[in-house]
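Enquirer: Chain by chain, the residues run as shown.
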Amino acid sequence: MADREAVEQEERTSLAEELGVRIYIMGKEYRVPAGLTIMKAMEYAGYKFIRGAGCRAGFCGACGTVYRKEGEYKLRFAVACQKLVEDGMFLVQLPFAPAPRVSYDLEKLRPTENVLLKLYPELARCVACNTCTKACPQEIPVMDYIQAALRGDIKRVAELSFDCIQCGLCSMRCPADIKHYHVAQLARRLYGRYLAPKAEHLAQRVAEIEAGRFDEELDRLTRMGKEELSKLYEARQIEEGVGV
Amino acid sequence: MITSGYPDSMRELIALVEATRPERLKTSPPRMSAKEREEILREWHPDYKAGTKRPLSIGPSKGELVPHEVADLLEAYPLISPEEVDLSQIDYDVDVLIIGGGGAGTVAALWAYYEGIKPERILIATKLRWGDSNSIMAQGGIQAADRPEDSPAIHYLDIMGGGHYTNKPELVRALVTDGPMIIKWHESLGVMYDKNPDGSFVEKHGGGTSRMRMHSAKDYTGMEIMRALRDEARNIGIPVVEFAPAVELLMDDRGQVAGAILFNLETSQYLVVRAKATVLATGGFGRLHIQGFPTTNHYGATADGLVLAYRVGAKLRDMDAVQYHPTGVAYPEALVGQLVTEKVRGMGAMPVNRHGEAFVYPLEPRDVESAAFIRECYGRGNGVETPTGMRGVWLDSPMIEELHGPGTIKRELAAMWRMFNRFGIDMAKEPILVFPTLHYQNGGVEIDEHGWTGVPGLFAGGEVEGGVHGKNRLMGNSLLDYNVFGRRAGISAARHAKVAKLGKLSLEHIVAYSKMLAEAGINNDRKAPLLLPEYRGERALARSLKIRI
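Same order as they appear, the protein sequences are chains A and B. Residue 226 in numbering that gives the first Met the number 0 sits at position 227 of the first sequence, and the numbers go up by one each step. Residue 546 in numbering that gives the first Met the number 0 sits at position 547 of the second sequence, and the numbers go up by one each step.
Calculated from the structure, these hints are not laboratory results. Any given hint might turn out to be false.
To be verified - Restraint ranges, calculated between C-beta atoms of paired labels, are given here:
# : chain 1 : residue 1 : chain 2 : residue 2 : range
1 : A       : R109      : B       : K34       : 56 to 66 angstroms
2 : B       : H67       : A       : R109      : 34 to 44 angstroms
3 : B       : S80       : A       : V91       : 35 to 45 angstroms
4 : A       : K73       : B       : Y113      : 40 to 50 angstroms
5 : A       : G19       : B       : G380      : 27 to 37 angstroms
6 : B       : G115      : A       : R212      : 27 to 37 angstroms
7 : A       : D214      : B       : K61       : 50 to 60 angstroms
Source: prediction; values computed, not measured. Don't be surprised by glycine CBs; every beta carbon is placed ideally from N, CA and C.
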């Protein structure tokens, strides 16, 4: 009897060691192993995601998460698929941000100094508190691009915001109710459409294709069998370039 | 447990990589010959492993070999039965239904609109959020032969060789011919591709390319394209219903596909969509974890489209070939299987074994490169072992900084740098550990060059369709594929919708399919589509009760 109790005690101890991390999902305690991301830890605990999981690799912004750690006053931000659980983490996911965007016709807009402010007038309410920047799980200088937007510097907004995964955490924290990531999307498209120089070689190639310049060669290639094609393939000249 | 940076055992091995770096910067192993490529694939590529596939026992592609994981879904019973749904109550009555809200679906919607279908007569139905897809995760780039040194014909040859001449020629031709036009369309939508000061694109090599034609947007190429496409579709006002996967296609009494049954994941209600034309844009099968491999794919990549299409009589092709991306993360454990873009090798990083030796040409086609990594780890015992027992090879990323100057990685591979830095690894200074990961469904639903599946009313674009890449896709051709065939499927669907006349809606085809399954002796214990993979912990699942609440 005593042996069995000892074994059971040992099992309990090893389980407690294995599940060494306490996390609080919306306030409720779960014990999980160390070394898991927040997303995998929630699944370990028994959650099956419908919302709050997307690409699972840090690119889609579906799993924006806010948390505080025991004994800390500071609110922290992460994407659940790219952040390891830590002991004493109180967390909740914010899988949706109610931040309406403004529809526009890119062909009718021009990259003028006031275009961002015209579509998103609440930009002018920015008090430069930097809360947006602190909320960004991508560590983008959000406030800096909002300031650039106020100055009408579309190129700067586009460049600074480029790595944005559109999780919306910035806009959920903003005391001025700015929709940062929508402003940034607009700026990037204006930049790409109007300010970035056009690729002339591309326009030429499209014209050549439309004129049928490659048709005959492609006719011939599409009729070729494996033997003929493989001869051509093995004889290809590989263009010199980095990585080769 | 180490949760930041490399353990000492791995640091010691990194010293060997550093020691050989100066020499390796000067020279690279040669490309393999055709014979060497064939041999290494046969011996080391997972596709050639015995016992991993079986011939389909029923349906339009009966007898064709597919992975067990795929066969299990195709030889499975429907989730719903006709008695459960009332087809006389139509929730959405549209011209064009697009199933899937990733790249292909969004492109199809835009081109259906350009082709003259009113926005409110289009519906995108998607399982997760609009944009949650492999499209948004693509990092390295998109191919298009637009430089004077290049041509669609050279692109064609690269693709056919990379695919072992198994590709469908007319699809490859469409891909290479439309490529430059697609990039020009993106340019007009404001996609911020990497450009030189004169406006020309920065273009690089990918595995198996003979010309530099990889267009990129840092290493967020897929995200940049996807968010611009989605933004444009939002401007146009194309309706989207999220968290509503299709669980079955609808047909009519004339044998045409006529819409779908959607399932609201949050309320468990069904929705009936009647559509004159339907585009399947459901993506691939990474989350089936073929042969137990980890995957780069998004949460919803569960092959639903294959199941739906197969039940209405569409043929599949090249489903025996699975793409394993050579460079999935092998360390840290929390990131295992996630993608390290091929652009890292495109910019000069070299694969290196545990002794610090280069062992393979860095940019072979993906299947060959993956096979070489597997041989190095399991055939030659030259892999690096992690604390959890996983093996991998080094990818010597600091070479990029040597070749292009300090700061290049943080600037041009921002996503990769950020991902590793979050786990205490600075890939500008330390190499990263990689091993092949399940990446792409090479095959899929057979289509013609117009994106038609051969079943009246059903079109397909993107990863769900097959034939474009044959048995092996090259880097940068999936982003191109979803644009080219998403567009063609959208246009074809729009044209079809303008003339189509629908009969009475029916689910008889699933009754017939179930009968066929029963006659083949398949037990009614498997259901499909899968919709979402199961990742709940074993301990939690063991105590799960099915109580309705």
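Enquirer: All hints, please: hold or fail.
Expert: Hint by hint, here is what the structure shows:
1. For A/R109 paired with B/K34, a C-beta distance near 59 angstroms keeps the hint of 56 to 66 angstroms intact.
2. Evaluation of the 34 to 44 angstroms hint for B/H67 and A/R109 yields a failure: the beta carbon distance comes to about 57 angstroms.
3. Distance hint for B/S80 and A/V91: a CB-CB separation of about 39 angstroms, consistent with the stated range 35 to 45 angstroms.
4. Between A/K73 and B/Y113 the CB atoms are about 49 angstroms apart, so this pair conforms to the stated range of 40 to 50 angstroms.
5. A/G19 and B/G380 have their C-beta atoms about 34 angstroms apart, which keeps the hinted 27 to 37 angstroms range intact.
6. At roughly 30 angstroms, the beta-carbon separation of B/G115 and A/R212 lies within the given 27 to 37 angstroms, and the hint holds.
7. For A/D214 and B/K61, the Cβ-Cβ distance of about 38 angstroms falls outside the hinted range of 50 to 60 angstroms, so the restraint is violated.
Hint compliance for this structure: hints 2 and 7 are not met, and every other hint is.
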